[in-house]
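**Student:** What follows is each chain in one-letter form.
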Amino acid sequence: MFNSGGMRSHYFSLESILVTQERVPCVFHQPVKHAGFLDSGSQNPDLEAGAKLDLPYWIAKLFHSLNSNNAKIIEITLPKIFKENYRDILTADASLVDLTKHSKYFYKFGKLIINIPLRESPEIQILLQQAFKDRFRKIFDLAQHLVSDFHGNRKLDTLELEILDRARKCQLALDAWLCHGASHITTAEMVVNHNKRKLADIS
Amino acid sequence: MFCEKALELIQELERAKDLLSPYDTDSVRTILEEMNMLYEENINVINISIDEIGSEMYAFRLRHAALERNKRCLLAYLWHRQQHVKQMRWEFGSILPPDIKNNLSDSEIEWFSQYNRNLAVYMKSIGSDGLNLALDMKPPKSLYVEVRCLQDHGKLEMDDGEILYLKKNNQYLMARAQCEPLIRQGILEQILR
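Just so you know, the sequences run in chain order G and H.
Residues in the first sequence are numbered consecutively from 20, following my numbering.
Residues in the second sequence are numbered consecutively from 9, following my numbering.
Treat the hints loosely; a few may be bogus.
Unchecked claim - Cut-off 30 Å, straight-line C-alpha distance, at most; resulting in silico cross-link-like pairs (DSBU-like, lysine-lysine):
| no. | chain 1 | residue 1 | chain 2 | residue 2 |
| --- | --- | --- | --- | --- |
| 1 | G | LYS120 | H | LYS25 |
| 2 | H | LYS176 | G | LYS217 |
| 3 | G | LYS215 | H | LYS109 |
| 4 | H | LYS175 | G | LYS217 |
| 5 | H | LYS25 | G | LYS130 |
| 6 | G | LYS130 | H | LYS79 |
| 7 | G | LYS123 | H | LYS13 |
| 8 | G | LYS52 | G | LYS71 |
| 9 | G | LYS188 | H | LYS25 |
| 10 | H | LYS13 | G | LYS120 |
| 11 | H | LYS79 | G | LYS91 |
| 12 | G | LYS217 | H | LYS109 |
| 13 | H | LYS25 | G | LYS123 |
| 14 | G | LYS174 | H | LYS25 |
| 15 | H | LYS94 | G | LYS217 |
| 16 | H | LYS25 | G | LYS157 |
| 17 | G | LYS80 | H | LYS25 |
| 18 | H | LYS25 | G | LYS215 |
| 19 | H | LYS94 | G | LYS123 |
| 20 | H | LYS146 | G | LYS217 |
| 21 | G | LYS71 | H | LYS79 |
| 22 | G | LYS152 | H | LYS25 |
| 23 | G | LYS188 | H | LYS149 |
| 24 | G | LYS215 | H | LYS175 |
| 25 | G | LYS215 | H | LYS163 |
| 26 | H | LYS79 | G | LYS52 |
| 27 | G | LYS215 | H | LYS94 |
| 28 | G | LYS80 | H | LYS79 |
| 29 | G | LYS215 | H | LYS146 |
| 30 | H | LYS146 | G | LYS188 |
| 31 | G | LYS71 | H | LYS13 |
| 32 | G | LYS52 | H | LYS13 |
| 33 | G | LYS130 | H | LYS13 |
| 34 | H | LYS13 | G | LYS99 |
| 35 | H | LYS79 | G | LYS123 |
| 36 | G | LYS188 | H | LYS94 |
Hints listed in this document are in silico derivations from the structure and should not be mistaken for laboratory results.
Please model the entire structure based on the sequences and the hints provided.
**Tutor:** Structure representation (structure tokens):
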């Protein structure tokens, strides 16, 4: 039931767990008891008001959901990659930027940030779409013309790599079908990997 | 920091996506201990007087979130391994290579054999005399195919009772249904013209 969309996030999705671990900068407006351990720099058992921390998204989101209109506990600020100067770089030419430099999950993280929501959310939303469109052409080209499986150092984020992988598999399957027809029986992929590992162990 | 061990477990799983690493009993136990500790602490908070609970509330919610997060990580770990084991039934066949079997936990081995059994019962129930779903994964064009043997496999008993010795580099013309599982397991290779 979860296999149909490898890109969609669900309860068991590794990607979704890992992306909610990405850190966001926050400022505490109220003291929190017994949470001093969140700030590794302080010895205090409690967290004091005014503390500035980089917290994993899931913790920040929890405190954010406890915010009420008259009492703010936490204020989440934009992570570096979505700050204005980085947005400018991406708007200028998204296809040259190394998205993985700050986060392996650029788009998914962006989506989470939009949903907080922050004042800049609409701008980030447009930015994500535009960046994806600008970069998609390159992925499309790579998928059709890449000869080897190697695609390291392409500055692609996980979502883009996944698209590239799928597109390449389709392209290879199409090529194979055009050459031989479809009746060729091959060794199962897991078995091939297993045998390779065995060979490596021997040598 | 909460949930560190659980995160490590998930990261490890993500790193080694296409192979099954040994079941990490130690980490799972550590995480369960952490969860028990969080649970106990929260129970203690609930038991103190109502007046004080207000100031404890944030820490309480934080621990609860950590508890939920640990649960999610553990379940995701188990679920992904189970999916992998299921996939292996279709790629390796009903018997797993011993070095892979060593990496499974007891309950995973039990699950695998149960899955095997269910699958066998289901395949037997199709049509009048059963249908092997693992055969003809791709539409066949001929009943016989030419194959080359990639490793010394030993005896193979054919459907008609004849015994064939599979030796490395020998070539055979075999019934497709007979050799498809062997090709999938990497023992034979189909010769293309």
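**Student:** State for each hint whether it applies.
**Tutor:** Results of checking the hints against the structure:
The suggested pairing of LYS120/G with LYS25/H holds, with an alpha-carbon distance near 22 Å, which does not exceed 30 Å. For the proposed pair LYS176/H and LYS217/G, the alpha carbon gap of about 18 Å is at most 30 Å, so the pair holds. Under the criterion of a C-alpha separation no larger than 30 Å, the hint pairing LYS215/G with LYS109/H is consistent with the structure, at around 17 Å. A distance of roughly 20 Å separates the Cα atoms of LYS175/H and LYS217/G; the hinted pair therefore holds under the 30 Å criterion.
With a CA separation close to 25 Å, the supplied pair LYS25/H and LYS130/G stays within the 30 Å bound. Note on LYS130/G and LYS79/H: the hinted pairing holds, with a Cα-Cα distance of about 24 Å set against a maximum of 30 Å. A hinted pair counts as satisfied when its Cα atoms are at most 30 Å apart, and LYS123/G with LYS13/H qualifies at roughly 20 Å. The suggested pairing of LYS52/G with LYS71/G holds, with an alpha-carbon distance near 16 Å, which does not exceed 30 Å.
For the suggested pair LYS188/G and LYS25/H, the alpha carbons sit about 18 Å apart, so the restraint of at most 30 Å is met. At roughly 25 Å between alpha-carbon atoms, LYS13/H and LYS120/G fall within 30 Å of each other, so this suggested pair holds. Under the criterion of a C-alpha separation no larger than 30 Å, the hint pairing LYS79/H with LYS91/G is consistent with the structure, at around 29 Å. Distance check on the hinted pair: LYS217/G and LYS109/H sit about 14 Å apart at the alpha-carbon level, within 30 Å; holds.
With a C-alpha separation of about 16 Å, the suggested pairing of LYS25/H with LYS123/G holds against the 30 Å cut-off. For the suggested pair LYS174/G and LYS25/H, the alpha carbons sit about 21 Å apart, so the restraint of at most 30 Å is met. Restraint check for LYS94/H and LYS217/G: the C-alpha separation of about 22 Å stays at or below 30 Å, so the hint holds. Taken as a hint, the LYS25/H and LYS157/G pair is honoured in the structure, with Cα atoms around 26 Å apart against an allowance of 30 Å.
Only pairs whose Cα atoms come within 30 Å are accepted, and LYS80/G paired with LYS25/H is accepted, the gap being roughly 29 Å. Proposed proximity of LYS25/H and LYS215/G is supported: the alpha carbons are some 16 Å apart, at most 30 Å. For the hint pairing LYS94/H with LYS123/G, the CA-to-CA distance comes to about 29 Å; that is within 30 Å, so the pair holds. Distance hint between LYS146/H and LYS217/G is fulfilled; the C-alpha atoms sit about 28 Å from each other, no more than 30 Å.
Between LYS71/G and LYS79/H the alpha-carbon distance is near 28 Å, which keeps this suggested pair within the 30 Å criterion. Between the alpha carbons of LYS152/G and LYS25/H the distance comes to roughly 29 Å, so the proposed pair stays at or under 30 Å and holds. Of the pairs offered as hints, the one joining LYS188/G and LYS149/H holds, with about 23 Å between alpha carbons and a cut-off of 30 Å not exceeded. Taking the CA atoms of LYS215/G and LYS175/H, the gap is about 21 Å. The hint holds against a cut of 30 Å.
At most 30 Å may separate the alpha-carbon atoms for a hinted pair to count; LYS215/G and LYS163/H meet this at roughly 25 Å. A C-alpha spacing of about 24 Å is found between LYS79/H and LYS52/G, which places the hinted pair at or below 30 Å, so the restraint holds. Restraint check for LYS215/G and LYS94/H: satisfied, since their Cα atoms lie roughly 21 Å apart, inside the 30 Å limit. At roughly 18 Å between alpha-carbon atoms, LYS80/G and LYS79/H fall within 30 Å of each other, so this suggested pair holds.
Under the criterion of a C-alpha separation no larger than 30 Å, the hint pairing LYS215/G with LYS146/H is consistent with the structure, at around 25 Å. For a cut-off of 30 Å, the pair hint linking LYS146/H to LYS188/G stands: about 16 Å separates their Cα positions. For the suggested pair LYS71/G and LYS13/H, the alpha carbons sit about 25 Å apart, so the restraint of at most 30 Å is met. For the given pair, LYS52/G sits about 24 Å from LYS13/H by alpha-carbon distance, which is consistent with the 30 Å threshold.
Restraint check for LYS130/G and LYS13/H: the C-alpha separation of about 26 Å stays at or below 30 Å, so the hint holds. Taking the CA atoms of LYS13/H and LYS99/G, the gap is near 27 Å; set against the 30 Å cutoff, the hint holds. For the proposed pair LYS79/H and LYS123/G, the alpha carbon gap of about 24 Å is at most 30 Å, so the pair holds. For the given pair, LYS188/G sits about 22 Å from LYS94/H by alpha-carbon distance, which is consistent with the 30 Å threshold.
When the structure is compared with the earlier hints, no violation turns up for any of them.
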